[in-house]
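Chains as they are written, first to last, in my numbering: chain A, 1 to 628; chain B, 1001 to 1146.
Keep in mind that a hint or two might mislead.
In silico lysine-lysine, DSBU-like type, Cα no more than 30 Å apart, as pairs [as the list claims (entries may be wrong)]: (1) A:K50 <-> A:K580; (2) A:K550 <-> B:K1013; (3) A:K93 <-> A:K580; (4) A:K175 <-> B:K1123; (5) B:K1013 <-> B:K1081; (6) B:K1115 <-> A:K175; (7) A:K176 <-> B:K1013; (8) A:K50 <-> B:K1081; (9) B:K1013 <-> B:K1002; (10) A:K458 <-> A:K554; (11) B:K1013 <-> B:K1067; (12) A:K550 <-> A:K198; (13) B:K1115 <-> A:K550; (14) A:K78 <-> A:K580; (15) B:K1123 <-> A:K554; (16) A:K78 <-> A:K93; (17) B:K1081 <-> A:K175; (18) A:K480 <-> B:K1115; (19) A:K624 <-> A:K480; (20) A:K409 <-> A:K205; (21) A:K143 <-> A:K93; (22) A:K265 <-> A:K143; (23) A:K208 <-> A:K409; (24) A:K208 <-> A:K50; (25) B:K1115 <-> B:K1052; (26) A:K580 <-> A:K455; (27) A:K580 <-> A:K198.
Hint data in this document are derived by calculation from the structure and do not stem from the laboratory.
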Amino acid sequence: MNKPEKLPQRVRIEADGTVSIAVGKVELGQGISTALAQIAAEELGVDLSKIRVLPASTAYSPDEGVTSGSLSIQDGGKALRAACAELRGRAEKPASEYRIVGTNAPRLDLPGKFAGRASYVHDMVLPGMLHARILRPPRPFAKLVSIPDHPGLVRDGSFAGVLAEREEDAIEAAKKLRARAVWSDGPATPRDIYAWLKDHVAESKVQKENADPAAKARGVKRVQAEYHKPFICHASIGPSCALAWMKGDTLEVWSHTQGIFNLRKDIAIVLRMPEDKVIVHHGEGAGCYGHNGADDVALDAALLAGFSRGLPVRLQWTREDEFAWEPYGPAMAVALEASLDNEGRIVSWRHDLWSNGHTHRPGRAGQPVLIAAAEIAQPFERGPAVDPPLPAGGAQRNAVPGYEFPDHKVTFHYVREAPVHGSSLRSLGAFGNVFAIESFMDELANGDPVAFRLKHLKDPRGRAVVEEAVRLSNWSSFVKSEGRGHGIAYARYKNVGAYCAVVAEVEASGAELRVTRLVAAVDVGLAVNPDGVANQIEGGCVQATSWTLKEEWKPGTVSWEEYPILRFSDAPPVEVHIVKNRQPSLGAGECTMGPTVAAIANALHDALGVRVRTLPLTADNITKAINA
Amino acid sequence: MKFILNGQPTEVKAGENTPLLYVLRNDLGLVGSRFGCGSGQCGACFVMVDGKPMASCDLPLSFLENKTVTTVEGLNGTVQKALLAEQAAQCGYCMSGIIISATALLARNASPSEKEIREALDKNLCRCGSHNRVVRAVMRASREQA
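Construct the entire structure; sequences and hints are all you get.
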């Protein structure tokens, strides 16, 4: 390992003329490596092809925390730009002189991936490596009562796995052992999660309040509604995977974690090792849309490596493991109340939100949070999921409305006890909060949702994306017919990030809903790679459509049959407009999620005249709303 | 077990019930076929067997005796080139299987409609939401191979 004083060296010119850059932000499939390489090439005045982005490692990378919250360009890009400018011994380039930043540089990683070359942690091979599978109970918090002996079986308390030289042997052994293991009963999952959340509030915290009794008194009409967002899976196509190798007193781990330093901290606690004896290297995983099983599988692999007599271990979670054990995006209930004056203007607003915490990431507290920490013979009590304060927030992300409401109060009812394992899913609470706020805005609008929003929206950049989405979608010339409708929604992500407005067009036949078109207008400040931004926006819109139409995790979900996602034939076309400006860059990965769900729900109302306040917008939930 | 793999006669020693995916990845070093579900539901591990896309994760080796297998590593690149031109991926994990399905489609239907392309890819799950770019890329590949 490098000496601490040499860390972190972000930029190094190599003998062959290439430039190595060490960044703390990691590739999650979002194209960040390419965008960061563009920034480095720009500041250094070298060709993009000369830049090598090193895979992040606790051995040499700067600690830039977790790659999350759409901050890699905002924060990671800024630090890199400064380091490059410092190396050249000159001030940072003004944006007006950019010739690489702001262009559609093709992704550096795609040729290898399309050729089928080793690209992911899953593809790594270490000498003499053993293959592993993990054995977990059918429901959370159950204890392992008994398990028959089997070659390769290793066990530490209720933590059990199986090791084999050949992968298919590990799979077969795990199958056999799963069928014969006996587990204690774990607690049952609540039947009505929304009622359960409201019954289990640990603490109610006012997030923002502005008391304006005079304005409130002008209210002549009071409206209330409650919205529900279920547990949603990350459901990455590649289940989580990790490799671990115990070499004497040092442990090396290869992981597709979002935070190598944070993961190292939890592994060191659970294995009771000094942190500097644990090295975590980042390798790419399949698409990461937040905190999936990556960290949990890494601790599993690290524990198994303690049983493998110095041989490296590769642990692949199964599809069933991922569906059963990934930390889901938590369920939320949101109750809204508004008063309108006699001109139809909102004078008072209440937002009450019930949820578990939306961040259950490792390395943030002295207590470990990963699954296996509580399963080993000398277990740790796992810390609860928590939420960072606003403006980023967790559950309360985007709970503060971006509109001008004179009297308002936003309260988060935090539920500490978690019936199932939950953590960060792309956009965190913003998906549920924006769904609620923007559905409610339509309910209050009384006819013209665009004018109603603009009447309450002051921020010129916000108004611009709304107007752009309206223009591009030909909003005013939309032809309504039986079962067809359109809807709009808007939010500024985290209230301080990217601006996004989405128009959705839908067709309903009976209670079956189909999204036929999405138009998204975004302002992300300076787009380092405009096509990369467009790709994120298109992908975000399609993924949010899938969450909206189809997705709800329920106990017993083990395969794609129980958890269908949007397929090629259902994916709506997405038109993207990126506002061009040179404002500071804002992350693009998450800003579409909230506006997309609300635009679809509003379009559904336009099509069928029914307001569906419980996600997903399946035939079942639509029928319930019709009959309510 | 003997079969033709990417044009080469290949012999492997593994149990006849071993799914092809693990033989490709672990014995033959061809990691382009990815593990996704182990039950043929997602398409990430698709290979062509005698020209037809099939899931390799639950395809026993015994099925392949004297058959022809093509993996993503063995393809000529028409679809790959079009995918690059359209920058049609985010994480790329599902792409090998999509390349297999799209190549098989173009072999049996040189100029498919957009609807036919979508239907041909419905067995391949993509979570990043790259669907529309992929469809554009397959249309481009169809034009360019004409």
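Hints, one by one, checked against the model:
The suggested pairing of K50 of chain A with K580 of chain A holds, with an alpha-carbon distance near 28 Å, which does not exceed 30 Å. Of the supplied pair hints, the one linking K550 of chain A and K1013 of chain B is violated, its CA atoms being roughly 43 Å apart against a limit of 30 Å. Taking the CA atoms of K93 of chain A and K580 of chain A, the gap is near 19 Å; set against the 30 Å cutoff, the hint holds. Of the pairs offered as hints, the one joining K175 of chain A and K1123 of chain B holds, with about 26 Å between alpha carbons and a cut-off of 30 Å not exceeded.
For a cut-off of 30 Å, the pair hint linking K1013 of chain B to K1081 of chain B is broken: about 35 Å separates their Cα positions. Between K1115 of chain B and K175 of chain A the alpha-carbon distance is near 40 Å, which puts this suggested pair outside the 30 Å criterion. At roughly 24 Å between alpha-carbon atoms, K176 of chain A and K1013 of chain B fall within 30 Å of each other, so this suggested pair holds. For the proposed pair K50 of chain A and K1081 of chain B, the alpha carbon gap of about 23 Å is at most 30 Å, so the pair holds.
Restraint check for K1013 of chain B and K1002 of chain B: satisfied, since their Cα atoms lie roughly 9 Å apart, inside the 30 Å limit. Distance hint between K458 of chain A and K554 of chain A is unfulfilled; the C-alpha atoms sit about 41 Å from each other, more than 30 Å. Annotation: proposed proximity of K1013 of chain B to K1067 of chain B holds, straight-line Cα distance about 16 Å (limit 30 Å). For the suggested pair K550 of chain A and K198 of chain A, the alpha carbons sit about 25 Å apart, so the restraint of at most 30 Å is met.
Between K1115 of chain B and K550 of chain A, the direct Cα distance comes to roughly 21 Å. Compliance with the 30 Å bound is thereby established for this hinted pair. Under the criterion of a C-alpha separation no larger than 30 Å, the hint pairing K78 of chain A with K580 of chain A is consistent with the structure, at around 20 Å. With a C-alpha separation of about 23 Å, the suggested pair K1123 of chain B and K554 of chain A falls inside the 30 Å cut-off, and the hint holds. Straight-line distance between C-alpha atoms of K78 of chain A and K93 of chain A comes to about 12 Å, which keeps the hinted pair within the 30 Å bound.
For the suggested pair K1081 of chain B and K175 of chain A, the alpha carbons sit about 40 Å apart, so the restraint of at most 30 Å is broken. Distance hint between K480 of chain A and K1115 of chain B is fulfilled; the C-alpha atoms sit about 24 Å from each other, no more than 30 Å. Pair hint K624 of chain A plus K480 of chain A holds up; C-alpha atoms about 24 Å apart against a cutoff of 30 Å. Under the criterion of a C-alpha separation no larger than 30 Å, the hint pairing K409 of chain A with K205 of chain A is consistent with the structure, at around 11 Å.
Annotation: proposed proximity of K143 of chain A to K93 of chain A is violated, straight-line Cα distance about 59 Å (limit 30 Å). Pair hint K265 of chain A plus K143 of chain A holds up; C-alpha atoms about 26 Å apart against a cutoff of 30 Å. Distance hint between K208 of chain A and K409 of chain A is fulfilled; the C-alpha atoms sit about 6 Å from each other, no more than 30 Å. For the proposed pair K208 of chain A and K50 of chain A, the alpha carbon gap of about 49 Å is over 30 Å, so the pair is violated.
With a C-alpha separation of about 20 Å, the suggested pairing of K1115 of chain B with K1052 of chain B holds against the 30 Å cut-off. Distance hint between K580 of chain A and K455 of chain A is fulfilled; the C-alpha atoms sit about 25 Å from each other, no more than 30 Å. A threshold of 30 Å between alpha carbons decides the hint, and for K580 of chain A with K198 of chain A the separation of about 44 Å lies outside it, so the pair is violated.
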